[in-house]
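Participant: Guided by the hints, dock chains U and Z onto chain S, whose structure is given.
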Amino acid sequence: MTLNYALFFILAAIAIASALGMLLSKNAVYSALFLILNFNVVAIFYVLLNAPFIALTQITVYAGAIMVLFLFVIMLLGAEQTGRISSARWVKPAAYSLGIILISEILYIIFAQTGVIPDAASIAAEFGSPVTVGKALFSRYLLPFEATSVLLIASMIGAIVLTKRKS
Amino acid sequence: MTTGSVWEWIIKSVVIVFGLLTGFAYLTLLERKVLAKIQVRIGPNRAGPMGLFQPLADAIKLIFKEEIIPSRADKIIFVLAPIITVIPALIILGVLPFGGIITLFGRQISLSLADLNVGVLYITAIASISIYGIVLAGWSSNNKYAMLGGIRSSAQMISYELALGLSFIGPILLSGSMSLHDIVAAQKPLWFVVYQPVGALIFWIATLAEVNRAPFDMPEAEQELTAGYHTEYSGMKFALFFMAEYIKMIAVSAIAATLFFGGYRFVLEDQYPILGPVWLLGKVIVLLFGMIWVRATLPRIRYDRLMAFGWKFLFPLALANVFFTAIGIVLEKLWLIPLLTIAVFLGAVVMVGISETRRWRSHVF
Amino acid sequence: MTQQLTTITETLVERFPGAVLKDERPGYEGYLVSAENLPEIAQFLRDQMGYDYLSSVTGVDYLPEGKMETVYHFFRSTGGSALELKVSLPRENPVVPSLVSIFPGAELQERETYDLLGIIFDGHPDLRRILLWDGFDGHPLRKDWQEPYYEEEAKPFKSRWPEGRAIRVEEKNIFKKNVKYPAGFDPETFTPEGDTSLFASLDKLKRHDEESGMKSDHIIINFGPQHTSTHGVFRMAAAVEGETIIGLKPAMGYLHRNHEKIAERNTYLMNMPYTDRLDYLSPLSNNFGYAIAVEKLMGIQPAERAEYLRVIMAEFTRISNHLFLIGSLLNDLGAYFTPMLYALEERELILDVFEAVTGSRMMCNYFRFGGVARDLPEGQLQKIKDLAFDRLPRKIDEMDRFLTESEIIRARGVGVGVLTPEEAIAYSTCGPVLRASGVPYDVRRADPYSIYERFDFDVAVRYHGDVYDRFLLRFDEIRQSIRIIQQAVRDMPEGPVQSGKPQYQAKVPAGEAYGRVEGPKGELGYYVVSNGKPNPWRYHVRAPSFINLTALEKLCVGNKVADVFAILGSIDIVLGETDR
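So the protein sequences, as listed, match chains S, U and Z.
Numbering-wise, numbering that gives the first Met the number 0 puts 91 at position 92 of the first sequence, and it's gapless, one number per residue.
Numbering-wise, numbering that gives the first Met the number 0 puts 123 at position 124 of the second sequence, and it's gapless, one number per residue.
Numbering-wise, numbering that gives the first Met the number 0 puts 123 at position 124 of the third sequence, and it's gapless, one number per residue.
With the rest of the complex left out, here is chain S (with noise of 0.2 Å):
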């Protein structure tokens, strides 16, 4: 398991530069590169704990397609260079105090529980397997999966029709 361990902790580093990246770097398109990074490295964590299904689709759908969309709004609107914002008083507060919440929630989980990484093999194989997703999504979860769909097709269609011409 040490090779697990070592793995681990190497994506764990990236995982972890890489979101800086993203937070600190002045270009929008940079910012987006390193979100990709980092979306690709949890897919990797996702494979170590036996779970392809959800790595993949985590690529799929999160690097390859919502920050293709990403990228494109980016450079449609050519505003790589992020320059000084400014935003209502009330932000920057609130982002300090949301920030300190999810740190705190952060080391309880770290503190309170035990074997903070489980191990692969006490995974159930079925785990986060197609068949399971597919099971967990049309009979238990079937109405937030439906409602979730309604509520993206009604941001599409808004989107097309605020951008529609009135001609």
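Hints were generated in silico from the structure; no laboratory data involved.
Watch out, some of these pointers could steer you wrong.
[Said to hold, decoys possible] Below are the EDC-like pairs computed for lysine to aspartate or glutamate, each with C-alpha atoms no more than 20 Å apart in a straight line:
{"hint": "1", "chain 1": "S", "residue 1": "K163", "chain 2": "U", "residue 2": "D303"}
{"hint": "2", "chain 1": "Z", "residue 1": "K295", "chain 2": "Z", "residue 2": "E452"}
{"hint": "3", "chain 1": "S", "residue 1": "K163", "chain 2": "Z", "residue 2": "E242"}
{"hint": "4", "chain 1": "S", "residue 1": "K163", "chain 2": "S", "residue 2": "E145"}
{"hint": "5", "chain 1": "Z", "residue 1": "K21", "chain 2": "Z", "residue 2": "E9"}
{"hint": "6", "chain 1": "Z", "residue 1": "K260", "chain 2": "Z", "residue 2": "E152"}
{"hint": "7", "chain 1": "U", "residue 1": "K311", "chain 2": "Z", "residue 2": "E406"}
{"hint": "8", "chain 1": "U", "residue 1": "K187", "chain 2": "U", "residue 2": "E331"}
{"hint": "9", "chain 1": "U", "residue 1": "K143", "chain 2": "Z", "residue 2": "E240"}
{"hint": "10", "chain 1": "U", "residue 1": "K187", "chain 2": "U", "residue 2": "D73"}
{"hint": "11", "chain 1": "U", "residue 1": "K32", "chain 2": "Z", "residue 2": "E344"}
{"hint": "12", "chain 1": "U", "residue 1": "K36", "chain 2": "Z", "residue 2": "E347"}
{"hint": "13", "chain 1": "Z", "residue 1": "K559", "chain 2": "U", "residue 2": "E331"}
{"hint": "14", "chain 1": "S", "residue 1": "K163", "chain 2": "Z", "residue 2": "E240"}
{"hint": "15", "chain 1": "U", "residue 1": "K143", "chain 2": "U", "residue 2": "E30"}
{"hint": "16", "chain 1": "Z", "residue 1": "K559", "chain 2": "U", "residue 2": "D114"}
[Claimed, not checked] Where chain Z lies over chain U, by a calculated footprint (3+ residues, C-beta under 8 Å):
{"hint": "17", "stretch": "29-39"}
{"hint": "18", "stretch": "172-181"}
{"hint": "19", "stretch": "290-296"}
{"hint": "20", "stretch": "302-314"}
Glycine included, every Cβ here is placed at the ideal spot set by N, Cα and C.
Facilitator: Chains U and Z in isolation, oriented as in the chain S frame:
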């Protein structure tokens, strides 16, 4: 995991990568020869017998060409983009079975790199990230043609990925597995193209768009955007884009052969498993020939019509295909699938034809 | 005809007393009008008298008389001969009202006249240099303009032959010393204003934003000068919104060599090979127009057999040009060279005929004043017959079958780049562009020249005015050309191919003439003014490629980026002719 199997992996990976690189080189020659024959020309015949060393000469030329980086380009991404483009093309075939199990030096060797139980998903995932190279190349060149080419390609590939993904579902449903090995095994009695004629067609059209081949070669439409996203590239960096395009052609042909045309299986393969890769290669060449033929024959579709075709025709058709496939499987009457899907396909074609013809001649003054 | 002309004179003189004078100079025709009355008269001609087609606008510098003239050739789109108007202007401050508001087709031609002669067209919407670069000093077609290292007014230059020995011009004009700049000009610090003014002329599009209330950026894309689909060194600056063209300006002159100035130095016969270089895809049609213009001045008739040879060669030129166009248009649509190479295969056979008959495949230099250079060589007639009666009809049908029903070509062509008949006439478009818009105007029928009256052929017309119709029209025209060749081959008499004695130095009496032919790209006109010397005083080419581009913006706006090249391809330009 023994040392032996690690070595086996490494050797197989190297063989696949070198196979693809050689395949790329000779695919360019094949394309030029076939195009020439179709166009009443001779084609390359100077370098070596029948021009067989032409790819070598091309490679030498490209290596020694000057590498130009535009002064106002984003240098890091400009250099990274061709690499990002090539890697997905090289690794996409990692889950593809090239043959059964052969015995070599007393060792049982499976002629495939990995048998992922979600192999099909792996292919879609890799295909979806292969857009980045093109988009980034377009953006980092700081050139309007390249930019438009990059934007076009991202929009195009996202649109056609939907139809592509849906056409995967037919074979998945029929074989009940997402592993390419199982899909090939399930085609032992009959190739899936028989059950999935429309699915195979959708797959093929969508892959033409996915690998930016004519008549969907929008991103690099030379008549409009000079060379599209790789306008500013030269030398080996340009060659990498070129390489990625052709390797992707080989890869999608191999995937098409695996999903719909029985993969490596053909006559005598059971007795002599070594024939598997040969049959697969044969099928790939036939499919590649089809791609080249299309390029020599058809003009380019306009960009907005390409998008309309993808969203308004191909995507609904792929949905219908999935729907009727599922019906056939539930009713356990597989012969219904081709009948129903072909009927729907023809109906759609006739409808589009009628509406188009009406539009064509609507204005007379 | 005389009757008709008298009535025109009467009507004009009656309507504009004192403003219209008949041009009484020997060898001249048309009317002299005063500058301030010109727009009024042009409007009257267009609305009341049916002269709705402004074919040619140019100018002449009469240095000895100390004046300049602008020259306008009007035609009726129903056919007939020219009505010529001239406006006499002082050389110092030549200002004439612009006709663009009445005839939009004058836009590029007036810019050209301004550029080369310095005549200012008052009220022109976008009066900039067009062929020359913006740092250029002076207006070269003025007779007192002299280039750096000017030698003599007219060729042959005696200075090149002192004591019977040739001196190469390179020895006299040392490299890097052979350029001259305007006073105070430094090439190192010069920043061209051309782009600024070009983009400024696109800037009017900003209004579009304010109307819709949405703020959006337009990208201005330069297509060319180095671009695969501009058919040469041609440039278009297009403002695009997404992929839709909202404005487009052509910029040309990259291949400009002032054909007209050079030709005014040459003797008449020396210009014949030089016309080959205009539209280098159809050299024999270029020869034809020039020969007709000079023969009009000289008042001679070409030999009978030569007339047939001229027609055969000109029609073969049309076929080869249209074949090339069909191929390259399909290339512009993204068909990867296959139609092109099939078309070129046939074109090669025609070029073989040219080579055998004229001695050259492309720069043919075949026509002479009063005939053609030489008769058909042995056995060539049979080759021509094989082509005209068997091979070409068969191959054209085959191509037609393969191409015209293609879904993609239809989808790319139908309804794209539409020009209505009224617009087509107003923009002075000519040739296939005009006829595809439903105007059956073909100089061979509308104002017959040479022996076209004797042949039975139809004027090809299509009625939708889009890219697809312009494409189909080329097939129709090829078929008609084949018909003409078939009849000409059948009827061709024996006899000499040159009337009179072949002469190196044509004796051309003073006067002016406008000779026009229906070239493959449209009406190709030559306006030649002679003062009785061995060299033409003024030589102007009415270039169809150039004038058809006037309508380019109109055709492109509202279409997609990809359509621009389909439209440009369907207009059919050759930069050798556009830039001259």
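Participant: Each hint should be assessed against the structure and marked as holding or not.
Facilitator: Status of each hint after checking the structure:
1. S:K163 <-> U:D303: The given pair, whose Cα atoms are some 16 Å apart, holds under the 20 Å limit.
2. Z:K295 <-> Z:E452: holds, 18 Å
3. S:K163 <-> Z:E242: holds, 15 Å
4. S:K163 <-> S:E145: Measuring from Cα to Cα gives roughly 27 Å; hence the hint is violated.
5. Z:K21 <-> Z:E9: holds, 10 Å
6. Z:K260 <-> Z:E152: holds, 10 Å
7. U:K311 <-> Z:E406: holds, 17 Å
8. U:K187 <-> U:E331: holds, 18 Å
9. U:K143 <-> Z:E240: holds, 13 Å
10. U:K187 <-> U:D73: The given pair, whose Cα atoms are some 51 Å apart, is violated under the 20 Å limit.
11. U:K32 <-> Z:E344: The hint holds at about 19 Å.
12. U:K36 <-> Z:E347: Between K36 of chain U and E347 of chain Z the Cα gap is close to 18 Å, so the pair holds against 20 Å.
13. Z:K559 <-> U:E331: violated, 49 Å
14. S:K163 <-> Z:E240: With Cα atoms ~14 Å apart, K163 of chain S and E240 of chain Z stay inside 20 Å; holds.
15. U:K143 <-> U:E30: violated, 30 Å
16. Z:K559 <-> U:D114: It is violated: about 46 Å lies between the C-alpha atoms, which goes past 20 Å.
17. 29-39: holds (count 4)
18. 172-181: violated (count 0)
19. 290-296: Answer holds; 3 residues pass the 8 Å Cβ test.
20. 302-314: holds (count 3)
In the structure shown, a violation is registered for the earlier hints numbered 4, 10, 13, 15, 16 and 18, in ascending order.
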